[in-house]
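Student: So the chains spell out like this:
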Amino acid sequence: MSLVGEERAKNKRGIWGWLNPYHYNLERWAYTFQRVTGVAVLLYLLGHLGDTSFFVGGPTGTGPSSSSWSFIGSIFENSFGHLILVLVVLVLTFHGVNGIRLILSEFGLIMKKPSGIEYPYRPKSLGSVQKSLVWVAIAAAVVAALWTYLVLFEGMG
Amino acid sequence: MSEFKLAVQRFDPLTDAKPRLAEYTVPMREGMTVLDALLYARDYLDHSIALRFSCRQASCGSCGMKINGRPRLACYTQVEELGGEKVVAQPLDNFAIVKDLVTDLESFFTKHKQLMPYVLRSDAQELDHPTAEYLMKPEELKKVLQFTYCIKCGLCTSACPTVAMDVKFPGPQAMAQAYRYLMDERDEGGEKRLEALDTAHGVWRCHFAGSCSFVCPKGVDPALGIQLLRRHVLSGKAPRKQGEGAKVWSAPAGSTK
Numbered sequence: 001m002s003l004v005g006e007e008r009a010k011n012k013r014g015i016w017g018w019l020n021p022y023h024y025n026l027e028r029w030a031y032t033f034q035r036v037t038g039v040a041v042l043l044y045l046l047g048h049l050g051d052t053s054f055f056v057g058g059p060t061g062t063g064p065s066s067s068s069w070s071f072i073g074s075i076f077e078n079s080f081g082h083l084i085l086v087l088v089v090l091v092l093t094f095h096g097v098n099g100i101r102l103i104l105s106e107f108g109l110i111m112k113k114p115s116g117i118e119y120p121y122r123p124k125s126l127g128s129v130q131k132s133l134v135w136v137a138i139a140a141a142v143v144a145a146l147w148t149y150l151v152l153f154e155g156m157g
Numbered sequence: 001m002s003e004f005k006l007a008v009q010r011f012d013p014l015t016d017a018k019p020r021l022a023e024y025t026v027p028m029r030e031g032m033t034v035l036d037a038l039l040y041a042r043d044y045l046d047h048s049i050a051l052r053f054s055c056r057q058a059s060c061g062s063c064g065m066k067i068n069g070r071p072r073l074a075c076y077t078q079v080e081e082l083g084g085e086k087v088v089a090q091p092l093d094n095f096a097i098v099k100d101l102v103t104d105l106e107s108f109f110t111k112h113k114q115l116m117p118y119v120l121r122s123d124a125q126e127l128d129h130p131t132a133e134y135l136m137k138p139e140e141l142k143k144v145l146q147f148t149y150c151i152k153c154g155l156c157t158s159a160c161p162t163v164a165m166d167v168k169f170p171g172p173q174a175m176a177q178a179y180r181y182l183m184d185e186r187d188e189g190g191e192k193r194l195e196a197l198d199t200a201h202g203v204w205r206c207h208f209a210g211s212c213s214f215v216c217p218k219g220v221d222p223a224l225g226i227q228l229l230r231r232h233v234l235s236g237k238a239p240r241k242q243g244e245g246a247k248v249w250s251a252p253a254g255s256t257k
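So the protein sequences, as listed, match chains U and H.
Okay, so the first sequence: first residue is 1 according to my numbering, each after it adds one.
Okay, so the second sequence: first residue is 1 according to my numbering, each after it adds one.
Think of the hints as simulated: they come from the structure by calculation, not from any bench.
Everything numeric in this text was worked out from a predicted model, so none of it was measured.
Among the clues, some could well be false.
[To be verified] In silico DSS-like cross-links for lysine-lysine, where the CA-CA straight-line distance does not exceed 25 Å:
{"hint": "1", "chain 1": "H", "residue 1": "LYS143", "chain 2": "U", "residue 2": "LYS113"}
{"hint": "2", "chain 1": "H", "residue 1": "LYS247", "chain 2": "U", "residue 2": "LYS112"}
{"hint": "3", "chain 1": "U", "residue 1": "LYS113", "chain 2": "U", "residue 2": "LYS124"}
{"hint": "4", "chain 1": "H", "residue 1": "LYS152", "chain 2": "U", "residue 2": "LYS10"}
{"hint": "5", "chain 1": "U", "residue 1": "LYS131", "chain 2": "H", "residue 2": "LYS143"}
{"hint": "6", "chain 1": "H", "residue 1": "LYS99", "chain 2": "U", "residue 2": "LYS113"}
{"hint": "7", "chain 1": "U", "residue 1": "LYS113", "chain 2": "U", "residue 2": "LYS131"}
{"hint": "8", "chain 1": "U", "residue 1": "LYS113", "chain 2": "H", "residue 2": "LYS192"}
{"hint": "9", "chain 1": "H", "residue 1": "LYS99", "chain 2": "H", "residue 2": "LYS111"}
{"hint": "10", "chain 1": "H", "residue 1": "LYS152", "chain 2": "U", "residue 2": "LYS112"}
{"hint": "11", "chain 1": "H", "residue 1": "LYS142", "chain 2": "U", "residue 2": "LYS12"}
{"hint": "12", "chain 1": "H", "residue 1": "LYS247", "chain 2": "H", "residue 2": "LYS192"}
From just these sequences and the hints, can you work out the full model?
Tutor: Structural data, given as structure tokens:
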């Protein structure tokens, strides 16, 4: 029997269901950002390995070309480049601190023990300790990005 | 609010190419649940709405559906608590649609069964011809009690972002029950359970989005079970070996039984 709406009847959310945290909890939002920042960090790392490999031996060294030293350097030596670097710091800090929260949670180190439950139900796994660590990750990312902004744009440090 | 709009996703895979939202105007009354509203619409406005329900008191887990974007039990969600003038009822995500709000939970139950949701014992003779019940200490019961409240409504599995991508992932419900039986004092099949969970699509696919526990209407907290499960899987050590499970109750000396 063929169904007219066979594809839609499968009702699989796929990548959108995976990434969309709308209507859900704080940890689900952190999950989405952790995944997105993970990909962003990986892409940055690949680019970073690429551009630092041009610096082998410095401006007079044996890199692919000595003129590439100033070329690569010039990519980030402008307002747009600096903005990218601020974003990189934001993303890296969130991913790192939130990653520590996930390690602690996923190995049960900051999980409460199961017990009898009483109405109204409040899931122990979404308790205050790890929830506040999500906010610590957000705060750390914002502070680090602000500091980077001040260093790059206002010449501090 | 004397009346409100109820939008119901209508979709019959036999005849429709894609789902559409049908809107009904339902009179409000105090304490009205979304299930009440759906039944009003079905009884008085459109007899063809397909939905599944049974107990109306959050015991059976039949009326799980997506209400205003989040998986909930229709009988356990009051229209008033949703705030706003419109209630949108859609079938649960990640389960095949049979018709309208009715989803096919077969894959869900299959995965539940695959992780052996029953006590495994080495004393076959006692299982086949029981002489008495296995004894369980109250403090041991507390370790698993909350997980036994699962009504298999499918909300957690529908909410899980990993389930949306990975068809082989057992889902939060099945894994929480795996933890429930792993920790059960009477169970002796721990090693078998850990083996079933330690696969590429097993316990490691959970990344703790916590949505399962967030939507659970019974306080089961599947995410807690999965995170606690992970340590056991990592160490590979079952809480009990064969023959170490709870013993059968035997009458104290001098009692009449």
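Student: Evaluate each hint against the coordinates.
Tutor: To see whether the hints hold, each was checked on the structure:
For the proposed pair LYS143 of chain H and LYS113 of chain U, the alpha carbon gap of about 8 Å is at most 25 Å, so the pair holds. Taking the CA atoms of LYS247 of chain H and LYS112 of chain U, the gap is about 29 Å. The hint is violated against a cut of 25 Å. Straight-line distance between C-alpha atoms of LYS113 of chain U and LYS124 of chain U comes to about 8 Å, which keeps the hinted pair within the 25 Å bound. For the hint pairing LYS152 of chain H with LYS10 of chain U, the CA-to-CA distance comes to about 20 Å; that is within 25 Å, so the pair holds.
Annotation: proposed proximity of LYS131 of chain U to LYS143 of chain H holds, straight-line Cα distance about 23 Å (limit 25 Å). Of the supplied pair hints, the one linking LYS99 of chain H and LYS113 of chain U is violated, its CA atoms being roughly 41 Å apart against a limit of 25 Å. Of the supplied pair hints, the one linking LYS113 of chain U and LYS131 of chain U holds, its CA atoms being roughly 17 Å apart against a limit of 25 Å. For the hint linking LYS113 of chain U to LYS192 of chain H, the alpha-carbon distance of about 24 Å falls within 25 Å, and the restraint holds.
This hinted pair checks out: LYS99 of chain H and LYS111 of chain H have alpha carbons roughly 23 Å apart, not beyond 25 Å. As the CA atoms of LYS152 of chain H and LYS112 of chain U are separated by approximately 24 Å, the hinted pair is consistent with the 25 Å bound. Note on LYS142 of chain H and LYS12 of chain U: the hinted pairing is violated, with a Cα-Cα distance of about 36 Å set against a maximum of 25 Å. About 20 Å separates the Cα atoms of LYS247 of chain H and LYS192 of chain H, which keeps this hinted pair within 25 Å; it holds.
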